[in-house]
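2 protein chains.
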Amino acid sequence: MYPETLTKLIDCFMMLPGVGSKTAERYALLMIEKDEEEITRFIEALKDIKTKIHECKICGNLCEDEECLVCRDKTRNKKQILVVQSSKDVIALEKTLEYHGVYHVLKGLISQTKGILPEDLNIKSLLDRVDDAEEVIIATNPTLEGETTALYLDKLLSSKNILTTRIAHGIPMGGHLDYADELTLIKALEGRKKM
Amino acid sequence: MYPETLTKLIDCFMMLPGVGSKTAERYALLMIEKDEEEITRFIEALKDIKTKIHECKICGNLCEDEECLVCRDKTRNKKQILVVQSSKDVIALEKTLEYHGVYHVLKGLISQTKGILPEDLNIKSLLDRVDDAEEVIIATNPTLEGETTALYLDKLLSSKNILTTRIAHGIPMGGHLDYADELTLIKALEGRKKM
Chain A
36 MYPETLTKLI DCFMMLPGVG SKTAERYALL MIEKDEEEIT RFIEALKDIK
86 TKIHECKICG NLCEDEECLV CRDKTRNKKQ ILVVQSSKDV IALEKTLEYH
136 GVYHVLKGLI SQTKGILPED LNIKSLLDRV DDAEEVIIAT NPTLEGETTA
186 LYLDKLLSSK NILTTRIAHG IPMGGHLDYA DELTLIKALE GRKKM
Chain B
36 MYPETLTKLI DCFMMLPGVG SKTAERYALL MIEKDEEEIT RFIEALKDIK
86 TKIHECKICG NLCEDEECLV CRDKTRNKKQ ILVVQSSKDV IALEKTLEYH
136 GVYHVLKGLI SQTKGILPED LNIKSLLDRV DDAEEVIIAT NPTLEGETTA
186 LYLDKLLSSK NILTTRIAHG IPMGGHLDYA DELTLIKALE GRKKM
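Respectively, the protein sequence lines represent chains A and B. Quick note: the first sequence uses this note's numbering, first residue 36, plus one each step. Quick note: the second sequence uses this note's numbering, first residue 36, plus one each step.
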């Protein structure tokens, strides 16, 4: 019913996660109202994303050069490697300003249901670099897939002389005990510390 | 924290209505995973939107030619004009397959708070074409702004020898009386018909 050009743009917006036809319609109609300059900026940004963005050859994090900003930073402690699922997690941790080691991005998690095997992940390059490390912090999400991956990595690293740690699980700050699920409560009790 | 290219794309996605930084981040990261072809399709669609989409010179609806598909359709009853706020409403009504007249898109509603005056809307071209019409159906939304606009149009058209009608308001199909607001109930009672 819409002109073909508009239908095509609606279809493009529907590629986005969680965007159905109604939302895609809204997005596309809004684009018509935007001025030339903003559309051009959008087009340029989309073009650049395919040409300029690469993965850091050391840690797999997203970057514009051969190595990412963290790996290039000489002040970071290269002996501490924090393993995460995706580049998004790196951003989240960087925002804390509390971590001064380096990262390793797995680009996924081991998953039986999705058929993702260890060899599909960025694990080989982790093994290549751990020999110089003192600690590997496994910070995959505390989900079934995240736990599986964490256990797998721990087993893999156990043969080497490196301290492998897992981030703490428990009640989130500002959270309420009565809203927490059983598993979180168990983890919170297990992980209790002397005050 | 993200590479600049990515930040730029995130900013672009944040132009979309209801999209905050977290969602824009998700959208942008997904774009990296998409293959070349899909990105090119997206870029082409965005380019076309500015060059190919125009407003129908008769009714103001969005189209790729001088006149929209409805206005060009010779089987449509040109003596019945349905007035709506935007092209989105045209699509919604066309989906019913029950309306066989033509449309007129106001491209907005009179609004005191937003400072939108009657002269900012596509009203002049409506007055130019109503002389040949038999009925003008006002189908602006039943909101404060929609009602104001409807009343304004009714007054404007009262001097001419045309039947001006307003779409019915009441309980939506599948709706529940106990969930309906007072105004809707009043409208539903007022608009009651013999069974």
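Note that these hints are calculated values from the structure, not bench results. Wrong hints could be hidden among the right ones.
Same chains, same label: a pair holds when it works inside one copy or across any pair of copies.
In the PhoX-like style, the derived pairs of lysine-lysine whose C-alpha atoms are separated by at most 20 Å in a straight line are [claimed, not checked]:
1) K109 x K159
2) K159 x K114
3) K69 x K43
4) K92 x K109
Here is what the structure says about each hint:
no.	hint	verdict
1	K109 x K159	neither (24 Å within a copy, 67 Å between copies)
2	K159 x K114	within (18 Å within a copy, 72 Å between copies)
3	K69 x K43	both (17 Å within a copy, 17 Å between copies)
4	K92 x K109	within (16 Å within a copy, 63 Å between copies)
The structure is inconsistent with hint 1 alone, although it conforms to all the rest.
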